[in-house]
Amino acid sequence: MSDQPLLSVNDVSKFYGSRVGCRDVSFDLYPGEVLAVVGESGSGKTTLLNCISTRLEPTNGSVTYRMRDETTRDLYQMSEAERRFLMRTDWGFVHQNPADGLRMAVSAGANVGERLMAVGDRHYGNIRETAIDWLGRVEINEDRVDDQPRAFSGGMRQRLQIARNLVTGPRLIFMDEPTGGLDVSVQARLLDLIRGLVSDLGLAAIVVTHDLAVARLLSHRMIVMKDGHVIESGLTDRVLDDPHQPYTQLLVSSILQV
Amino acid sequence: MNIQADYNFAYLDEQTKRMIRRAILKAIAIPGYQVPFSSREMPMPYGWGTGGVQVTASIIGPDDVLKVIDQGADDTTNAVSIRAFFAKVARVQTTTHTGEATIIQTRHRIPEEQLREGQTLVYQVPIPEPLRFLEPRETETRKMHALEEYGLMHVKLYEDIATHGHIATTYAYPVKVEGRYVMDPSPTPKFDNPKMHMSEALQLFGAGREKRIYAIPPFTDVVSLDFDDHPFEVQKFDKPCAICGAEAVYLDEVILDDRGKRMFVCSDTDNCESRQAAGHRGELSGMEAAQ
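Line by line, the protein sequences give chains E and Y. Residue numbers for the first sequence follow full-length UniProt numbering, so the first one is 1 and each next one is one higher. Residue numbers for the second sequence follow full-length UniProt numbering, so the first one is 1 and each next one is one higher.
One or more of the hints may lead you astray.
[Unchecked claim] Ranges of calculated distance between the beta carbons of each label pair, as one might list FRET restraints:
hint, chain 1, residue 1, chain 2, residue 2, range
1, Y, R142, E, D3, 41 to 47 Å
2, Y, E273, E, A81, 47 to 53 Å
3, E, E40, Y, R142, 54 to 60 Å
No lab work stands behind these hints: they were computed from the structure. Just so it is clear, CB atoms sit at the ideal spot from N, CA and C, and this is done for glycine as well.
Looking at chain E on its own, in the form it has when it is part of the complex (with noise of 0.2 Å):
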């Protein structure tokens, strides 16, 4: 890991006219580093992610990222042409239905070839080599290339929508809920998945989640939000284990048992 942050978060706010989406957020963002943003569903988890992707502009404060070519930049000053650039290179962004993610009408090669296409990738058999690659590597079976993602099942389109942002290896994933909605065995599978690329391919990722389990498994730290503010952060096993908070004891005491 470098001691230079890959992205800066400095009092991030969003407001919706008088209510509140998230404020005064601060966190760094170290390269290879899995941060999990844990809360309950209206807490701002979602809003704060979209504010660091480019996807919302944040009411105040400012998102700094660490550029290939070592430079650091403010997000916001960046012109659109740069921050859609760096999103479909440097970064991806694994959503929560695929069907947000994917190209439903396209078939899976295309769908993972689209990312090298966009940057100038002319040739052929190329791209679909490294389609075949890449869903080799995210567990999709070769002879399914040409099939539409609308004929996957819910866990392979989400594998299909991971292979897809990691094709341009970039260095940091956004994840909206990438489990939600799938079964347990399958989100298992897609767990361990997650956690083989990341570490492989050391990759930072910013993961939202309610689920403390997932959060567990794959970060390394987390940060604990209520009514749009971080209440705790720290490292994921202390703030599971020794929860300061009482709304995150309260969380943490509230994993069903089995």
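Got chain E sorted already, so can you dock chain Y onto it with the hints?
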């Protein structure tokens, strides 16, 4: 009483023509860029060339000679009625000969005879947005054009190769104009795409329902999109035209009877007739006379 006195010259009022001419000038200044314009109701349904007719009406003058083709032919319904329309409302001279025309309005073909400087080709366009079938949001496609994000266009070609083994798009084949805007050349067969490149004639595109005008000025670079390992190719025909014997022209298939007999003839009727007048014959050219 002269009932035609009720119409302004070329049907549209002068203010409308001015508005359309402004859009055309802007379109010429930014080759391949779709300029919005406030398309008018025309005395014909959408899809019958309302965009092309408005462009023609705005640029036509009393000295112009008009030719109208529909799928290459001068004698089909759409071509005949639009020609008659302008003969009535603008009293311009009309022709079927490509060489004599100053303005050629076309539905889905570029004439085989090479166009020259001073001529204008007006296309009728149903769907001007090449990215439409992959990205339904207009706000998003406009942004993609603005930021030159054209990866998606290759996704379509990728799908073609993945499904058919080759690029199976045969018409409305996307092109890049002057190295900048990706453009839909209207549903002309891709056979005609190379004719757009460095054309001496001005090419104007009008989409009435979608309210867009775009243009390719003379001598503009027009490149058909492709992959390095699947380069752009035009259709090839096994036989020459059955009537005039022309090769390397675009042919229509005509079914002759219910026992599978068919012939391939020139889609461009003017070109075919000129060749016949010059004495060229194809394998079935005697047939009509015999019957």
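Hint by hint, here is what the structure shows:
no.: 1; hint: R142/Y <-> D3/E: 41 to 47 Å; verdict: holds (43 Å)
no.: 2; hint: E273/Y <-> A81/E: 47 to 53 Å; verdict: holds (52 Å)
no.: 3; hint: E40/E <-> R142/Y: 54 to 60 Å; verdict: violated (39 Å)
Figure legend: structure checked against the earlier numbered hints; the only hint not met is number 3.
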